[in-house]
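Spelled out from the first residue to the last, the chains are:
2 protein chains.
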Amino acid sequence: MTTPGTTWVEGAAGSRFDVDNLPYGVFSRAGEEPRVGVRIGDRVLDLAPVAAAEMLDVHHVFEERSLNALMAEGRRVRESVRTWITGLLTDETERDLVEPHLVPLADVALHLPIEVADYVDFYASEHHATNVGRIFRPDGDALLPNWKHLPVGYHGRSGTVVASGTPIVRPTGQRPGGAFGPSARLDIEAELGFVVGTPSELGSPVPYGAFADHVFGVVGLNDWSARDIQAWEYVPLGPFLGKSFATSISHWVTPIEALAAAWVDLPGQDPEPLPYLGPGDTLGLDIDVEVVVNGDVVSRPPFRTMYWSPAQMLAHLTVNGASLRTGDLYGSGTISGPSPDQRGSLLEIGWGDESAFLADGDEVTLRYAAPGTSGGRIALGEVTGVIRPARG
Amino acid sequence: MTTPGTTWVEGAAGSRFDVDNLPYGVFSRAGEEPRVGVRIGDRVLDLAPVAAAEMLDVHHVFEERSLNALMAEGRRVRESVRTWITGLLTDETERDLVEPHLVPLADVALHLPIEVADYVDFYASEHHATNVGRIFRPDGDALLPNWKHLPVGYHGRSGTVVASGTPIVRPTGQRPGGAFGPSARLDIEAELGFVVGTPSELGSPVPYGAFADHVFGVVGLNDWSARDIQAWEYVPLGPFLGKSFATSISHWVTPIEALAAAWVDLPGQDPEPLPYLGPGDTLGLDIDVEVVVNGDVVSRPPFRTMYWSPAQMLAHLTVNGASLRTGDLYGSGTISGPSPDQRGSLLEIGWGDESAFLADGDEVTLRYAAPGTSGGRIALGEVTGVIRPARG
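Going down the list, the protein sequences come from chains A and B.
Anchor point for the first sequence: position 297 equals 297 in full-length UniProt numbering, and the numbering is continuous, going up by one each time.
Anchor point for the second sequence: position 70 equals 70 in full-length UniProt numbering, and the numbering is continuous, going up by one each time.
Simulated from the structure, these hints should not be mistaken for lab results.
You may find that some hints are simply not true.
Pairs involving identical chains hold if they fit within one copy or between any two copies, as the list cannot separate such chains.
[Stated by the list, open to error] Straight-line distance between alpha carbons at most 25 angstroms, and here's what the computed SDA-like set of lysine to any residue pairs gives: (1) K148 to G178; (2) K148 to F136; (3) K148 to A231; (4) K148 to A179.
Using the sequences and the accompanying hints, generate a full structural model.
In structure tokens form, the structure reads like this:
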């Protein structure tokens, strides 16, 4: 007999993957097709056979090789599936049914969890934008005139969003002045990614208050960046090849419900944003990030110090009538806090020191943790990647 | 009996939709699912039943609601399907089989022909980039330092690529200084779009010479642009909401083979581009464009005056190792020729006259024509759209 609300899964209770977390992912066992699972402790629950046995209406969504079908079902199904899974994992009487479908993480391969529709990247940390402004425009204003009026963003390449663990081949390209070769300033951007479940209609903005109706969950996100390629190409249409070679996301998508205890007031916005950006009651997320390079924690960016909120980014993205699709992904932009040990890119961490950029063989891991709804901490999906040499 | 190489389809021989054209599209009859057809004269050949009757290996690709499955088959299949269709439409002995599957255009609905993967937009017309530079930076150099070293480009929103005929709702958003309201400077960009069929591997650039191995065909493309929204938001990460509300493409995708007689030398490139951009033998396309506003031809941009070639754009897009997917779409950027009556945007046509921008109810159509392989002219798919008022 377990305490109500406590999981019977061995080793999971009190861990960072307890029943207050329950992130979704796509896994496979050797020789089998990938399908949807949920993480509990150090195991994956294979949802498809359990859902079929319990004749769940939406059992087919767990047989897919991405979370998109589940995400497309919308908020009510997302919430009721979570309640159902919580019951399975806390009610001892479900144990005989469920236990045979708990697979050790060590026995599975994990895959890209979503089929990415459009990928947008924002630039929502004031500290990051200020740092970058100071580095690139030492004599000008650190922030450009539009920065406090709207969450600046742009579209990235969705076809090169890869799963955590995918090796990153150093990109080759043009550098300032038209020189050509492998990037010499390969960088990371420690971000949080938001995944859209429920689509919206073309021509109809998604209001600020509809965030949780549309956003399914969050992923860890590393927006790999070649600073030298980016510096040469980016005027006047923005970053292109300096970013499009790879963006890594975590295997696990943490549903928005798991972050219910993580909402906090933003640091404050001045000037007050326009009404469509929901001024006055803007909430950020109290998520701690660790940037780990070759095993050493080099920085601890706090997501709660972001200037623009996740809901403001979504409202802005659609205010012109742009529609949302299931699988749309938007990144927060690099997360940097006010102190030097809270910076989310090597450009800022090194601040002019060229040796701060990535060398071949370097491994970067981003880790994320937040308050859980049961008083403890939950871990969000981590994102890792190793740099491979440029191709000859 | 018809002359060899002449179609037996009534009214098609000698038209701009003769057998030297044969664009693909997705059509439906009332109450039926959309599927793949090919245009001949003023009819659509319903390919699925004919391919099934002839037991074509790839007959299933014609039953899909987009061209992606056909395009994914690659260059050899693309070429052999074209040869097969040409045979069907020129050989009198096929007439009994084929004729029942020729549907008048008036009896069908046409749909978005492709499932768009990533959408990239270039800026490859020197005349357009120079005009825009002169309008926005009258005291600076018209072209930025990188412009003649690489085809400048950026990612757009693939989820809002819509089929010709889709009404365009005037977007609302922030304008310079943070004012808010419907765009007062709604514009067009007359472009050509290139559609990728054969994918490429992450980490492996697509060489300049592999253009026809990867590109399936071309579409007409209007990259609707809200100049006031764009002007305020675009530093430093490029255009976003000023573009992402809608991009229209033609119903018909003209296969690259139909443009075999349209290749022409580019005007010339100085400085010589880097080797990966295939300097020296760069070919453009001799495609004439007409910009029609409310029934009047207001401009005739010539695609042969572009600075960067379609193959250079593709080589640049992938030089950093970015992979291609079936359904990737890249636009040439606004096509503008050297003379005032060859400009591809209202910004340039009006040159400071605010009344040149689009009013609610305005209808814009882009028409395209090129030399065909039989000595005549072929029409590429046209793109049209009517402006609807901003939503309240």
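Legend entry - Indices of hints not satisfied (ascending): none
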